[in-house]
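Adding 27 to a residue's 1-based position in the sequence shown gives its number in the numbering used here.
A few of these clues could be false.
Label-pair ranges, simulated between beta-carbon atoms [unchecked claim]:
{"id": "1", "residue 1": "Val55", "residue 2": "Asp247", "range": "31 to 37 Å"}
{"id": "2", "residue 1": "Val55", "residue 2": "Asp151", "range": "28 to 34 Å"}
{"id": "3", "residue 1": "Ser301", "residue 2": "Asp52", "range": "39 to 45 Å"}
{"id": "4", "residue 1": "Ser308", "residue 2": "Gly248", "range": "49 to 55 Å"}
{"id": "5", "residue 1": "Asp52", "residue 2": "Asp151", "range": "52 to 58 Å"}
In silico DSS-like links for lysine-lysine, alpha-carbon gap of 30 Å or less [to be verified]:
{"id": "6", "residue 1": "Lys189", "residue 2": "Lys173"}
{"id": "7", "residue 1": "Lys173", "residue 2": "Lys214"}
{"id": "8", "residue 1": "Lys214", "residue 2": "Lys189"}
Keep in mind the hints are simulated off the structure, nothing from the lab. A quick note: this is a predicted structure, and the numbers were derived from the prediction, not measured. Glycine included, C-beta positions come from ideal geometry on N, C-alpha and C.
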Amino acid sequence: MSRILCVGVATLDIVNRVEVYPVEDSEVRASAQVQRMGGNAANTAIVLAQLGERVSWVGNLPQSAPIIEQAFAQHGVEFAHARRIEDAVTPTSYILLSARTGSRSIVHYRDMPEYAAADFADLDLTGFDWIHFEGRAVDQLAPMLKRAHSATGIRISLEVEKPRSGIEALFDLPDLLLFSPDYARTKGFSDAQGLLGSLPRPAVATCTWGERGAWAVDRDGSLLHAAAPVLHRVVDTVGAGDVFNAAILHALADGQSLDRALPAAVALASAKCSRDGLALSP
């Protein structure tokens with residue numbers, strides 16, 4: 028069991044399930060609605076806890092965030108050092124989930140500052156084995172990564188979901204880079220292999236690619252691939268990437284090799300797509 032700190036965002040997800048995605052300027056009836064916690068780093072923390080790790084989360088929260096607080100407490104994720112922002116509204120993602128395809132479309136509303144490097148500087152990092160960062164505001168992320176990098180005995184991972192100005196300059200700090208297909212496409216790559224092959228230094232990195240599975244590159248430049256199992260029915264893809272990231276972190280933190288960790292992470296993320304939410308068991 029490792030002690031892992033996740034740094035990033037927690038949101039309120041309002042998920043409406045519809046039979047098919049609506050066309051513009053139309054009205055459809057939702058067959059179901061659920062409100063639950065979301066946010067990349069928060070989701071990753073929840074899954075890591077279910078995998079048996081000791082997990083803490085830090086980020087910004089409003090003074091009251093009952094759904095988020097309940098989710099963390101239910102899974103034993105420690106969040107006592109979250110920064111509480113007065114007069115703030117919980118960041119909210121409005122999600123349309125297609126019952127026919129399992130695809131999701133997200134409208135995100137956020138009126139809260141990013142978690143500050145000054146708050147991270149006040150944290151006692153003693154005892155943590157791994158710190159996982161969500162790749163967001165680079166001006167705040169850079170000093171946080173540098174502090175974690177200078178700490179003795181702590182491994183670091185960085186999720187790179189979207190292009191952020193200047194984030195590439197930080198790629199030499201983490202022990203593990205976790206790329207999304209959206210990032211790869213915006214950088215002009217049509218596949219995961221192209222992105223991973225373009226990294227300027229030996230790095231351990233992964234890139235997921237939906238139903239094609241995921242690729243990874245080890246420090247010696249070895250390229251690995253794990254195919255995704257065929258799903259007979261896709262139910263809910265929201266958070267699948269967060270499940271993959273948590274599974275990779277869990278395996279590597281516990282000493283598994285990358286060639287064993289990759290297929291296990293793909294399998295867990297695929298299984299998540301066949302059911303609602305982030306519960307690892309039905």
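Now for the hints, and whether the structure bears them out:
With their beta carbons about 51 Å apart, Val55 and Asp247 fall outside the hinted range of 31 to 37 Å. For the hinted restraint 28 to 34 Å between Val55 and Asp151, the CB-CB distance of approximately 50 Å leaves it violated. Checked against the hint of 39 to 45 Å, the pair Ser301 and Asp52 fails, with Cβ atoms roughly 33 Å apart. Our hint of 49 to 55 Å for Ser308 and Gly248 is violated, since their Cβ atoms are close to 37 Å apart.
Between Asp52 and Asp151 the C-beta distance comes to about 53 Å, which sits within the given range of 52 to 58 Å. Taking the CA atoms of Lys189 and Lys173, the gap is near 21 Å; set against the 30 Å cutoff, the hint holds. Simply put, Lys173 and Lys214 have alpha-carbon atoms about 25 Å apart, close enough for the 30 Å limit, and the pair holds. Distance check on the hinted pair: Lys214 and Lys189 sit about 10 Å apart at the alpha-carbon level, within 30 Å; holds.
Checked against the numbered hints listed earlier, the structure breaks hints 1, 2, 3 and 4; every other hint is satisfied.
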